[in-house]
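Those protein sequence lines, which keep their order, are chains A and B.
Sequential numbering of the first sequence, starting at 250, is according to my numbering.
Sequential numbering of the second sequence, starting at 16, is according to my numbering.
Derived by calculation from the structure, the hints in this document are not laboratory data.
This one's a predicted model, so the numbers in the text were calculated from it and none came from an experiment.
By construction, the Cβ of each residue, glycine as well, lies at the ideal position given by its N, Cα and C atoms.
Among these hints, one or two may not hold up.
One side only, chain B facing chain A, incomplete, derived with CB under 8 Å [said to hold, decoys possible]:
1) Pro-28
2) Ser-102
3) Val-120
Pair ranges (Cβ atoms, derived) [to be verified]:
4) B:Asp-56 to A:Tyr-454: 40 to 50 Å
5) A:Arg-367 to B:Asp-74: 50 to 60 Å
6) B:Asp-124 to A:Pro-309: 36 to 46 Å
7) B:Asp-124 to A:Glu-296: 54 to 64 Å
Each chain, letter by letter, is given below.
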Amino acid sequence: MDPIRVLLADDHALFREGLASIIAAQPDMTIVGEAGDGLEALVKARELKPDLILMDVTMPGCDGLEATRQIKEALPDVVIVVLTVHSDEEKLFQAIKNGAQGYLLKSIRSQAMLDLIRGALRGEAAITPVLAGYMLEEFRRLSHAAPDGEAFPVETLTFREQDVLAQVAAGATDKEIAEALSISLHTVKSHMRNILSKLHVNNRYDAAKIARYKGLV
Amino acid sequence: MAAHRILLVSTHPLLSEGLQRVLGAMDDLALVGPLALERFDLDSLAGYAPDVVLFAGEDDDDPAIGARVLSILQHAPDLPVIQVGLSGHNVVRVYTSHTLPARSVDLIDTIRALRARVARGSEFEQGAMRGEDDAD
Chain A
250 MDPIRVLLAD
260 DHALFREGLA
270 SIIAAQPDMT
280 IVGEAGDGLE
290 ALVKARELKP
300 DLILMDVTMP
310 GCDGLEATRQ
320 IKEALPDVVI
330 VVLTVHSDEE
340 KLFQAIKNGA
350 QGYLLKSIRS
360 QAMLDLIRGA
370 LRGEAAITPV
380 LAGYMLEEFR
390 RLSHAAPDGE
400 AFPVETLTFR
410 EQDVLAQVAA
420 GATDKEIAEA
430 LSISLHTVKS
440 HMRNILSKLH
450 VNNRYDAAKI
460 ARYKGLV
Chain B
16 MAAHRILLVS
26 THPLLSEGLQ
36 RVLGAMDDLA
46 LVGPLALERF
56 DLDSLAGYAP
66 DVVLFAGEDD
76 DDPAIGARVL
86 SILQHAPDLP
96 VIQVGLSGHN
106 VVRVYTSHTL
116 PARSVDLIDT
126 IRALRARVAR
136 GSEFEQGAMR
146 GEDDAD
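One chain only, chain A, in its complex shape (with noise of 0.2 Å):
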């Protein structure tokens, strides 16, 4: 049987090369290209045609989850496995929104990943047990938000913008939420324009009303 094709993309070179030499060690892979960013990972991705990508997210130019949504597009039978220290939920959401069919954490141990990235080339997700938990947090959400378009769908909001919201409610100021929740000003503003639009208001005190009214405070 042939090999399975390994590309790896990722910028960090030393565990770039020990990853390597742990997949090139797997009698059913081989090593087909290694690239140190995401541009670098798509134009190989097209040269090589491998049957698997492990992607790291944060990589410098364009990053991984965006590697991978444009991999994808171009090439759509590649499997895309995320390999990095991320763990929060919102990549992970991203990744697999883009196409990705697995999210593992670069803690993960050699032999659990290699059986992992077996299974995604089966059809199968390649999601630590912690990981998979947190998708099925999501999915649970999505499936309590109101079908008949309840009036203040606070459950469409995100986690974060829950939080951000929560704040808001308890009369914090932009800027004292940035600092409670070590987040950027630019970020809570960002946030805010996603809370009033999702909760179809126009200011944050109608915002905070409908938190209150949901329980949030």
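Guided by the hints, dock chain B onto chain A, whose structure is given.
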């Protein structure tokens, strides 16, 4: 020629295994250990007699690794320590420490032997241009 003995101390299994495979393929390097970070102490240095200690962890600024690096520099000042991490800069950090006789002439000679940063201002900028500050 005797191989360099590298004691690998790790908090990160995948990074550790990759390093073992990469370094283990070199004829002039001999890996000893590896040890999990929590099993490392200064007695390990006597037991393994390394020429260099290599710490590998996810967080470049892991305080638990930092504390052990400091203890090595204090207790075995001529033993180099290298740290590899995944969270920050795409670099390895090399720590060395040396004891000196407590005489002004030794201190002054040592300072003079170090490269002057002012003269290297343009090199720092060039280093940044080469992407040495790129985060993972």
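Here is how each hint holds up against the structure:
1. Because the closest C-beta pair between Pro-28 (chain B) and chain A is about 5 Å apart, less than 8 Å, the hint holds.
2. At its closest, the beta carbon of Ser-102 (chain B) sits 6 Å from a beta carbon of chain A; the interface hint therefore holds under the 8 Å criterion.
3. This hint is violated: Val-120 (chain B) has a C-beta 41 Å from the nearest C-beta of chain A, more than the 8 Å allowed.
4. Take Asp-56 (chain B) and Tyr-454 (chain A): their Cβ atoms lie about 58 Å apart, and the range 40 to 50 Å is violated.
5. In this structure the supplied range 50 to 60 Å is violated for Arg-367 (chain A) paired with Asp-74 (chain B), their Cβ-Cβ distance being about 29 Å.
6. Between Asp-124 (chain B) and Pro-309 (chain A) the CB atoms are about 42 Å apart, so this pair conforms to the stated range of 36 to 46 Å.
7. Checked against the hint of 54 to 64 Å, the C-beta distance between Asp-124 (chain B) and Glu-296 (chain A) comes to roughly 56 Å, which is consistent with it.
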